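Chain order of the listed sequences is P and D.
For the first sequence, the residue numbers in UniProt numbering are 1 to 434.
For the second sequence, the residue numbers in UniProt numbering are 1 to 434.
None of these hints come from the bench; they were simulated from the model.
What you are looking at is a predicted structure, and each value in this text was computed from that prediction instead of being measured.
Any given hint could be a false lead.
Note that identical chains are pooled: a pair holds if it fits in a single copy or bridges any two copies.
[What the hints assert, rightly or not] Below, in silico cross-link-like pairs of lysine-lysine (BS3-like), each with a Cα-Cα straight-line distance of 30 Å or less:
1) K361 <-> K98
2) K7 <-> K420
3) K293 <-> K200
4) K420 <-> K55
5) K162 <-> K293
Spelled out from the first residue to the last, the chains are:
Number of protein chains: 2
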Amino acid sequence: MTRLLIKQGTFVTIDENLPEFQGWLAVENGKIAAMGEGEAPQEETARATETVDGKGLLFMPGLVNTHGHAAMTLLRGMADDLVLQDWLQNHMWPTEAKFTGDDVYWGSALAAVEMIKSGTTTFVDMYDHSRRVAEMTEASGLRASLARGVIGLCSEEEQKAKLEDAIRFAREWHGQADDRIRVMISPHAPYTCPPDFILKFVEAARELNVPLHTHMSETLAEVEQNVRDYGCRPVEHLDRLGVFGGPALVAHAVHLNDEEIALLAERKVAVSHNPISNLKLASGVARVPDLLKAGVTVSLGTDGAASNNNLDLFQEMTTAALLHKGVSGDPTAVPATEALRMATLYGARSIGLEGVVGQLKVGFKADLIAVNIAQAHFVPRTDYVSHLVYSARGSDVVHVWVDGKQLLRDGRPTTLDEEKIMAEAESRYRRLRA
Amino acid sequence: MTRLLIKQGTFVTIDENLPEFQGWLAVENGKIAAMGEGEAPQEETARATETVDGKGLLFMPGLVNTHGHAAMTLLRGMADDLVLQDWLQNHMWPTEAKFTGDDVYWGSALAAVEMIKSGTTTFVDMYDHSRRVAEMTEASGLRASLARGVIGLCSEEEQKAKLEDAIRFAREWHGQADDRIRVMISPHAPYTCPPDFILKFVEAARELNVPLHTHMSETLAEVEQNVRDYGCRPVEHLDRLGVFGGPALVAHAVHLNDEEIALLAERKVAVSHNPISNLKLASGVARVPDLLKAGVTVSLGTDGAASNNNLDLFQEMTTAALLHKGVSGDPTAVPATEALRMATLYGARSIGLEGVVGQLKVGFKADLIAVNIAQAHFVPRTDYVSHLVYSARGSDVVHVWVDGKQLLRDGRPTTLDEEKIMAEAESRYRRLRA
Chain P
1 MTRLLIKQGT FVTIDENLPE FQGWLAVENG KIAAMGEGEA PQEETARATE TVDGKGLLFM
61 PGLVNTHGHA AMTLLRGMAD DLVLQDWLQN HMWPTEAKFT GDDVYWGSAL AAVEMIKSGT
121 TTFVDMYDHS RRVAEMTEAS GLRASLARGV IGLCSEEEQK AKLEDAIRFA REWHGQADDR
181 IRVMISPHAP YTCPPDFILK FVEAARELNV PLHTHMSETL AEVEQNVRDY GCRPVEHLDR
241 LGVFGGPALV AHAVHLNDEE IALLAERKVA VSHNPISNLK LASGVARVPD LLKAGVTVSL
301 GTDGAASNNN LDLFQEMTTA ALLHKGVSGD PTAVPATEAL RMATLYGARS IGLEGVVGQL
361 KVGFKADLIA VNIAQAHFVP RTDYVSHLVY SARGSDVVHV WVDGKQLLRD GRPTTLDEEK
421 IMAEAESRYR RLRA
Chain D
1 MTRLLIKQGT FVTIDENLPE FQGWLAVENG KIAAMGEGEA PQEETARATE TVDGKGLLFM
61 PGLVNTHGHA AMTLLRGMAD DLVLQDWLQN HMWPTEAKFT GDDVYWGSAL AAVEMIKSGT
121 TTFVDMYDHS RRVAEMTEAS GLRASLARGV IGLCSEEEQK AKLEDAIRFA REWHGQADDR
181 IRVMISPHAP YTCPPDFILK FVEAARELNV PLHTHMSETL AEVEQNVRDY GCRPVEHLDR
241 LGVFGGPALV AHAVHLNDEE IALLAERKVA VSHNPISNLK LASGVARVPD LLKAGVTVSL
301 GTDGAASNNN LDLFQEMTTA ALLHKGVSGD PTAVPATEAL RMATLYGARS IGLEGVVGQL
361 KVGFKADLIA VNIAQAHFVP RTDYVSHLVY SARGSDVVHV WVDGKQLLRD GRPTTLDEEK
421 IMAEAESRYR RLRA
């Protein structure tokens, strides 16, 4: 049995009982086995089969990216500065239609390299060819909540085939890779899936006992269309269809009124806030301070790399903390502590992993990262939470562990071949554009 | 005579005639001596006394940070999530009042390390103990436009002494360090300097033939106070006092009406846009798309590290490009090309250095940086300008040259002792807070 000992480190736990300490932490059997302040006890030093010198490093829970489309890294920078519907319908969807399973594998692998290098240990993915995303996840060592995203703008026959594929995917992959992979059921959005089709996803999710994940109220146009087509706004629409009758995670939720916020809170619907994507596509600014105040679990997502254009969740955290202050005029909105929880604890909570990951606590999965704080932008040592939110960048991450297994060592991925993945991604993009 | 040859690189020039090319660039006598597409000619290879292999690197003009208070790095993370006036009056100013010249030297040196490591080659600074900032600038090899910032909330005698100090500083340092150091005259703000005091700065600036630099219309409260105290808004107020009668750079300019934007354009007043500081202090969102449309030169500034909380101008560029899309609802607002110009060409223009730095052109000062694009977040190679604005981070910078002298080599500063500076900054912060 191996036992990893991290000694003389700075720990930011996201645990209210012991938020921050200088000390040591031991990992065994994929879990945090023990931790404490000060020097590691003699018996810990003796039991350790591997030791990490924590001097100059800050250890914290790995980040949780709660919305994305990993394979869209292949489209990074292909079409910027366009309106959402034009961008989707004329650029993204036609190119994505050409994606093969291998394209999705390598595009997702490129995303995995980026995520691991910038401190994300768990990611949510909604995409086609989801088996290939799952295979990549298994190989990479990352933790993920995956969904075979379904767009229902097609014949009934095709709809049926897609739904069956999503259900089969859930049956095959939920709980695989030592439970690192969980599955969600995912109708793409109320504007791309007719109501009776959404009902079938709800039924499937209940039967499989997995959460639902969908895009919702990303743009004002989409909300208005929902009112025209179905006589109500998306929140009421999805609620009527039973989407919120069990665990549900909605991405974006930019355009909400007070009643909708109250309903999301009542139904315990989790919201994945994607500030960078919402800004870049000019979708608007989500009412995050109001959502948090109402008790809604708000976490952070990068969305796909084509509307971001990277997968650095530190940047998402910084943007969330800054944006809502400036837009609301309240400099206390989304304080650093809350932004940090959104990227960790609330992320875990939003996908059913609270108590498993998202905090550094004994008995939790050893999903943790080390940030190099021996750099100018972390000086002086005033407030580490402030530094992590307002000053740090994903590139400050040097080590990453998931389930106690090291995925990044001194800034280099250990499970993925970065050079090969970059070359594959480049040539696949060339072919898609040919 | 040394001659540096960069070969097989990717160059983003910010020059409309040849925006991007694969090729080579030669530096001699502190200037860009020659450049061209493809393989470097035989005679260039023969003349080179030093060669840099540009494979996997993107070369571009060094970034220009047009507003900041470098020594405020010492206060990073000391007081976050507060209202501007509370933050300034109860936290920043009382601590800054204790700053010695040595504190300013080491705090500025910490800023210089951060700026060099993240690709800034020219910075604007407004602070007390400006001689020490100048000494640090000279030692660091950076280019700067420095001002002895003056707050006039004091006796007439003290006002006089401060103004004389600012004038003496200008006479001593303008054009020093091989002209790397330029000086501006800087009354802090209309709300901290009475009108007759501002008049004296205007007079001094004209006599010395240097630009004026001041904070303006950062908060709504400040605009309202100006109206109460002087019967007009800050733009009209400063215009009446003659501040805009010669070269002038105003920081922030968040709260402007249409008439004020037209007047700034007419008077050719340059605006330093500080999006991160404005968001963090909840000052608001400047009307950047309107300013650009009116023909105002808008550049980017980090402001001090206490309201940012780092000095990464790449992050400022990303934030500027994203923020104005989301807030205006127009996804074409501040496109990537414009954001990149704001951080380079427009920065140079705003401090009188257009034609000297801010572009890669033969005859320009060799102020350039190399970005490591052989990384996952720069794949695929779709659009380098998009990647620089939306995907890059300051930490991607690996080499920096100013006046042809290398200040950063493989990510390590060559002119500054990073370890010593971090230790000095840390101990000085401890003393200030004791």
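Problem - Up to 30 Å CA-CA - K98 versus K361, copy category - result: Classified as neither; 45 Å inside a copy, 41 Å across copies.
Exercise for the section: Have a look at K7 and K420 and pick one of within, between, both or neither, based on CA distance no larger than 30 Å. Expected result: Only across copies: K7 and K420 sit 25 Å apart there, 34 Å inside one copy, limit 30 Å.
Handout entry: Status of K293 relative to K162 across identical chains (alpha carbons, at most 30 Å)
Key = The answer is neither: 38 Å in one copy and 48 Å across copies each exceed 30 Å.
Handout entry: Alpha-carbon proximity between K420 and K55, which holds within one copy, between copies, both or neither at 30 Å
Key = Classified as between: cross-chain Cα gap 17 Å, same-chain 33 Å, threshold 30 Å.
Practice task
Up to 30 Å between alpha-carbons, please classify K293 paired with K200: within, between, both or neither.
Solution key: neither (33 Å within a copy, 50 Å between copies)
Consistency note: the structure conflicts with the earlier hints numbered 1, 3 and 5.
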